[in-house]
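Chains A and B, in that order, are what the protein sequence lines are. For the first sequence, the working numbering gives the first residue as 1, with consecutive numbering after it. For the second sequence, the working numbering gives the first residue as 1001, with consecutive numbering after it.
Rather than coming from a laboratory, the hints here were simulated on the basis of the structure. Computed from a prediction, not measured in an experiment: that's the story for all the values here. Errors might be hidden in some of the hints.
Stated by the list, open to error - Pair by pair, the computed Cβ-Cβ distance ranges are:
no.	chain 1	residue 1	chain 2	residue 2	range
1	A	Asn-23	B	Ile-1094	44 to 50 Å
2	B	Thr-1098	A	Thr-5	32 to 38 Å
3	A	Asn-23	B	Lys-1171	44 to 50 Å
4	B	Arg-1048	A	Asn-2	28 to 34 Å
5	B	Leu-1155	A	Ser-11	34 to 40 Å
6	A	Thr-5	B	Thr-1002	18 to 24 Å
7	A	Thr-5	B	Gly-1122	40 to 46 Å
8	B	Leu-1229	A	Glu-8	54 to 60 Å
9	B	Thr-1098	A	Ser-17	41 to 47 Å
10	B	Lys-1011	A	Asn-2	19 to 25 Å
11	A	Glu-8	B	Asn-1228	50 to 56 Å
12	B	Leu-1229	A	Leu-12	14 to 20 Å
Even for Gly, the Cβ is constructed at its ideal location relative to N, Cα and C.
Spelled out from the first residue to the last, the chains are:
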Amino acid sequence: MNILTAFEELSLTPFCSDEIKENFIRNLPRDISRDSFLKGDQLSLRASLSLCEPIKFADAVDVVSF
Amino acid sequence: MTKEAEAHIKKADLVLFLVNEPVMEEWIIVHAKNAQNLATIYFSQSNRADAYRLITEEILLVLEHYDFVCVIFYGHPTVFARPGLDAIKKAKKIGVETKILPAVSAEDCLFADLEIDPGDCGCYSVEATDLLVYQRLPDISSHLIIWQIGMLGNLGHESIVKLEAMELFVKYLLDFYSDDHLVVLYEASFYPGIDCSIKKIMLKDLVGQRISRISTLYIPPWKKNKANLLVLKKLGLS
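Only chain A is shown next, with the shape it has when bound in the complex (with noise of 0.2 Å):
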């Protein structure tokens, strides 16, 4: 499953369950953390708190994959 595909799933699926919610996160681009704006540890950091709190961003990192 590609990242759009995970994400469609994600968008079309009300109160989605945390399966779906993790298969959209694993799918996530790799180079996620490239640009310390906009692509930085906010999201992964926020991703991952939000299935897996509490967390550190060590292992937010962990769960997207890097």
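Got chain A; can you put chain B on it based on the hints?
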């Protein structure tokens, strides 16, 4: 994204974009006939104002070569997105037909996530550095939304909140609010189904908090205004 915006992106001869997450970037690249990322220009300048000026120039430049150009900014295209608005105004002056399609801003997300209705007692929305530099006067009986708290006193790109700036900022707000007034550091979610971030703290504890570039500070009304009886009478509402 609305269906109308989607249609514009798919039909445009060229799509210029500045987005803050990778999925939308991927979506644009897949669906646009021809796409160009403005992030390269954005990050080429250490001062954000210079970057915005260059982006405006780039938009006007490509208009000379393409009939139908679509420009995408994350959030709402005229909310904290100066280059788009500047480009629209300049393009109109040279006779180019223009159209701005509204979208969901961080403030819209905040209203939903914090369950706030700006209509109940008014709402003042202001940029953090602007509030401090121009000593804007907040209405303590209204909702106060302070944008870009994580970029306070910072004209560049780096996400560094200067301690001195934040201390100055909090000191200013304490002229209006009590130090134990509960405020919210808010971050909208990038994606549906993923939670937003809501951190409630006392105003006095704002200094030293982890604040990101996408954080917005929400200060709830502190005191209620009393209705002016004379005005009510004149309006026939008493």
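So, going through the hints one by one against the coordinates:
1. Asn-23/A to Ile-1094/B: 44 to 50 Å: 48 Å, holds
2. Thr-1098/B to Thr-5/A: 32 to 38 Å: Because 34 Å falls inside the window, the suggested range holds.
3. Asn-23/A to Lys-1171/B: 44 to 50 Å: 47 Å, holds
4. Arg-1048/B to Asn-2/A: 28 to 34 Å: For Asn-2/A against Arg-1048/B, whose Cβ atoms are near 33 Å apart, the range 28 to 34 Å holds.
5. Leu-1155/B to Ser-11/A: 34 to 40 Å: Given a distance of about 35 Å, which is inside 34 to 40 Å, the answer is holds.
6. Thr-5/A to Thr-1002/B: 18 to 24 Å: For Thr-1002/B against Thr-5/A, whose Cβ atoms are near 21 Å apart, the range 18 to 24 Å holds.
7. Thr-5/A to Gly-1122/B: 40 to 46 Å: Roughly 44 Å apart at Cβ, these two residues keep to the hinted range, so it holds.
8. Leu-1229/B to Glu-8/A: 54 to 60 Å: Cβ of Leu-1229/B to Cβ of Glu-8/A: about 56 Å, so the range 54 to 60 Å holds.
9. Thr-1098/B to Ser-17/A: 41 to 47 Å: Given about 43 Å between the Cβ atoms, the range holds.
10. Lys-1011/B to Asn-2/A: 19 to 25 Å: At roughly 24 Å between Cβ atoms, Asn-2/A and Lys-1011/B fall inside 19 to 25 Å, so the hint holds.
11. Glu-8/A to Asn-1228/B: 50 to 56 Å: Given range 50 to 56 Å: holds, Cβ gap about 53 Å.
12. Leu-1229/B to Leu-12/A: 14 to 20 Å: Violated - the Cβ-Cβ distance for Leu-1229/B and Leu-12/A, about 53 Å, lies outside 14 to 20 Å.
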